[in-house]
Amino acid sequence: MFGALGKAKYHTSMIFMSKAGIEAGVPEKLGLQSQIGRVEGCRNISKASMVHNSYVPHIELDPQTYIVKADGIPLVCEPATELPMAQRYFLF
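In UniProt numbering, the protein residues as written are 1 to 92.
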């Protein structure tokens, strides 16, 4: 509740930036007051690198029937009957 008041937001958040950006003085040029974290070793990360999210199924879409299959298994779901946040918050 109080994390957004005064200077607390600068002490309770962190901005991640590349090494090149930090060395070029971007945080100072932008007047950033939050903690700056340097991003390293992320160029070769892929979906296979994710511990709990590495599954990559073979996706097929039939253009005639619009049936979507993942590894040969049809993916089906009923249409939504109610979209509670669509009107009030303009999410869709």
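Derived by calculation from the structure, the hints in this document are not laboratory data.
Note that beta-carbon positions come from the ideal geometry of N, C-alpha and C, so glycine has one too.
Mixed in with the good hints there might be a few duds.
[Claimed, not checked] Pairs of lysine to any residue residues, derived as SDA-like cross-links and limited to a Cα-Cα distance of at most 20 angstroms, are as follows:
{"#": "1", "residue 1": "LYS7", "residue 2": "SER34"}
{"#": "2", "residue 1": "LYS19", "residue 2": "TYR55"}
{"#": "3", "residue 1": "LYS7", "residue 2": "ILE36"}
[What the hints assert, rightly or not] Derived Cβ-Cβ restraints for the label pairs, each shown as a range:
{"#": "4", "residue 1": "ALA8", "residue 2": "GLU40", "range": "25 to 33 angstroms"}
{"#": "5", "residue 1": "SER49", "residue 2": "LYS19", "range": "18 to 26 angstroms"}
{"#": "6", "residue 1": "SER49", "residue 2": "LEU75", "range": "19 to 27 angstroms"}
Hints, verified against the model:
Simply put, LYS7 and SER34 have alpha-carbon atoms about 9 angstroms apart, close enough for the 20 angstroms limit, and the pair holds. Straight-line distance between C-alpha atoms of LYS19 and TYR55 comes to about 31 angstroms, which puts the hinted pair past the 20 angstroms bound. Only pairs whose Cα atoms come within 20 angstroms are accepted, and LYS7 paired with ILE36 is accepted, the gap being roughly 15 angstroms. For ALA8 and GLU40, the Cβ-Cβ distance of about 28 angstroms falls inside the hinted range of 25 to 33 angstroms, so the restraint holds.
Distance hint check: the CB atoms of SER49 and LYS19 are about 20 angstroms apart, consistent with the given range 18 to 26 angstroms. As the Cβ distance of SER49 to LEU75 is approximately 25 angstroms, the hint placing it in 19 to 27 angstroms holds.
Comparing the model with each numbered hint stated earlier shows that hint 2 is the single one that does not hold.
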